[in-house]
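Engineer: Chains as they are written, first to last, in this note's numbering: chain A, 29 to 444; chain B, 29 to 444.
Since the hints were made in silico from the structure, they are not lab data.
Mixed in with the good hints there might be a few duds.
[To be verified] Stretch-level coverage of chain B by chain A, calculated; a stretch enters the list once three of its residues show a Cβ under 8 Å from a Cβ in chain A:
| id | region |
| --- | --- |
| 1 | 39-47 |
| 2 | 65-75 |
| 3 | 314-325 |
| 4 | 329-338 |
Only a predicted model underlies this, so the values are computations on that prediction, with no experimental measurement involved.
Don't be surprised by glycine CBs; every beta carbon is placed ideally from N, CA and C.
Protein chains: 2
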Amino acid sequence: MVKAEIITIGDEILYGQILDTNTQWISLELDKLGIKTIRKSSVGDQKSEILQILNEAAQRADVVFITGGLGPTKDDLTKKILAEYFGCDLVMHPQALQDVTEFFAKRGRELSDINRDQALLPTKAEFVRNSQGTAPGMWFNEKDVIWVSMPGVPYEMKNIMEQEVLPRLVNHFQMPVIYHKVIKTVGIGESYLSELIENWELQLPEQIKLAYLPSMGIVKLRLTAVGEDLGQLQEAVEVELQKVNPIIKSYIFGYEKDELAEVVGRLLIDQKATLSVAESCTGGHLAHQFTQNPGSSAYFIGGVLSYANQVKIDQLGVSEQILASDGAVSEACIQAMSQGVRNRLGTTYALATSGIAGPDGGTAEKPVGTVWIALAHPEGVITRKLTLGGTRMQNIYLCSLACVNLLRKYLLNDLN
Amino acid sequence: MVKAEIITIGDEILYGQILDTNTQWISLELDKLGIKTIRKSSVGDQKSEILQILNEAAQRADVVFITGGLGPTKDDLTKKILAEYFGCDLVMHPQALQDVTEFFAKRGRELSDINRDQALLPTKAEFVRNSQGTAPGMWFNEKDVIWVSMPGVPYEMKNIMEQEVLPRLVNHFQMPVIYHKVIKTVGIGESYLSELIENWELQLPEQIKLAYLPSMGIVKLRLTAVGEDLGQLQEAVEVELQKVNPIIKSYIFGYEKDELAEVVGRLLIDQKATLSVAESCTGGHLAHQFTQNPGSSAYFIGGVLSYANQVKIDQLGVSEQILASDGAVSEACIQAMSQGVRNRLGTTYALATSGIAGPDGGTAEKPVGTVWIALAHPEGVITRKLTLGGTRMQNIYLCSLACVNLLRKYLLNDLN
């Protein structure tokens, strides 16, 4: 098992001014390759601290990732310290110099001396191209350890890892072939899901491992197959997918990087259908789930945010009588809201929300977390009552998620 | 200077399944007290790894914070290893047992043996109450170091730190008195802000330090005063606030934990005014900035999401002629949208957005990032053209922020 250590360098992360997200991303990528992270550390912009952690890591790890401290300013020490640690000089690297020169030329900016110095590299470093920024990455094979130094800017680091470092690692450590498949589920909790697929999980072949990755309202299942032949692994995973699919079919909304609202958006486009929303308790959050995605204007027509009852009456045609007898948080109201917006905006489908998100506004009969949602479609209206127990923001989020999922299941003809 | 080290224990964080946010939060709180974080580390649920990091930290730090590994299951090792490391037994702690018993009784659940064992504590530990969960915190004074062990659940950890640990630290280390004041600004970049206040910054008395904490669209200025008398520090900071306020008055939207949309909501409530929105490019995100806050129904009436042009015509009264001649992303259209929603929903104010969020849809004349916003008020309409250069999500966010800020400045009679 190849052991990795990840080090971030910089006072901003150490003192908490910046949240470090690089380290998590790197460890997830390593996990996918079968490389085991054994330690994560964060130190400041101090020479003694940096040298100390390098010495420690050299004792523990087969590969060490270092992010940060590669900027052009005086407190960026990483490159100088690595040169000193490995006992070599910094010299101008022709390819790095060409890259940084072009970087500035493309942006119509002058190359200052301080930026030119970004192309100085320790002679023992292999140059690792950074196509997104001015500080090159470095790869060292010293002290029986592979050392990878990268800038701390997340998109630069990720690009360097994906384009350069991960392929080199597979090659250098002759890693076994690994194949991953992520199944994304919605509308079922982790523990109930694990009960449903228990027998399937128990019969998985030894070369395939299963991991549960839960987040609010969504549970991801990651299958990891390890072997020697990619085709064989893909086939073995496909066989298992075919087995598990019938058991949890109606909870699976996608695979890999699929997002729920994007998946539903694609279904709407495929069916040449359009969507509108009438939002009370979600207050814009439901529409935002769709409109944050590029291309959503192909199916999302618009909506009415009916926070006040008068807006429900005037803009959606909810009757005053329903509001007086049943109240705004009721099945009758949500039916009228969804049909009202569907008719007025002339869409194929309409989703509606009305509920008590909290923290105030609850009653004995309708406590905080009581939410009605509805889907109006060409043949009628489907309603659901939710009982949520989270914070205001969690209730808003879970209500939006339930709406999008209700539409997904309707479009797939999968409502029970 | 008191030196701190922060350690997270757990495979989920080490392998990247969970993003660690505790460590950042703790280091920010320590920074406020004047305690310097010198190292952050993350190790897995392995006895040897945990013992190793404890030994290392004991050499470096005056106080060590440990989160995680306190759950009731077998892979939670922290408590046992701490007992072994300090050479003492685990015994049932009466107060901890009473707390965990009450915790379960209140929720109508039975206290299992495994949960009862949560009240076992190392004899050398001082009990630190966890009012939000079942695993108590622990405080050790051993090996010339203070050790604080807390559960990894963020809200439990934060509660324990605020209620119990931070006061004990101030007391134990006889920390100097520190007073902080955070000024929150919007609508100005960090570099321009620092130019504006350069002279003020240079004349700050030695006991007051200034830090810039920038995030997207918002820059926070944190003043930190260190001394012996809280009253004197507050007064000294107040004097500086009075000096800097006239220089950057129109950019300051609040202090401490104030959020922009909440501040504007309070202004609306104070003025007994109401608000509606007409959103095109922000697609619900603008309304969500208001409706995510408790109590927003006191001023937020509703809105129209007019993604399609036909909705702009039918629901907002935008003329077909404007859409044909000027297009949807134009000053004429945004004026009509804001006045349309204001009239139809009968609100004091209305905000409107129309623009090209990207990544597609730009033209030579109106590239991606071209956005019009408007505020309709009782005397007319104010419009602004924005030229944004971010991703789709950044453009949506910055457009919403600019709208909320436009309303803030109007309500404060601060528009130039």
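Engineer: For each hint given before, does the structure comply? Return the numbers of the non-compliant ones in rising order.
Structural biologist: Of the numbered hints, all hold.
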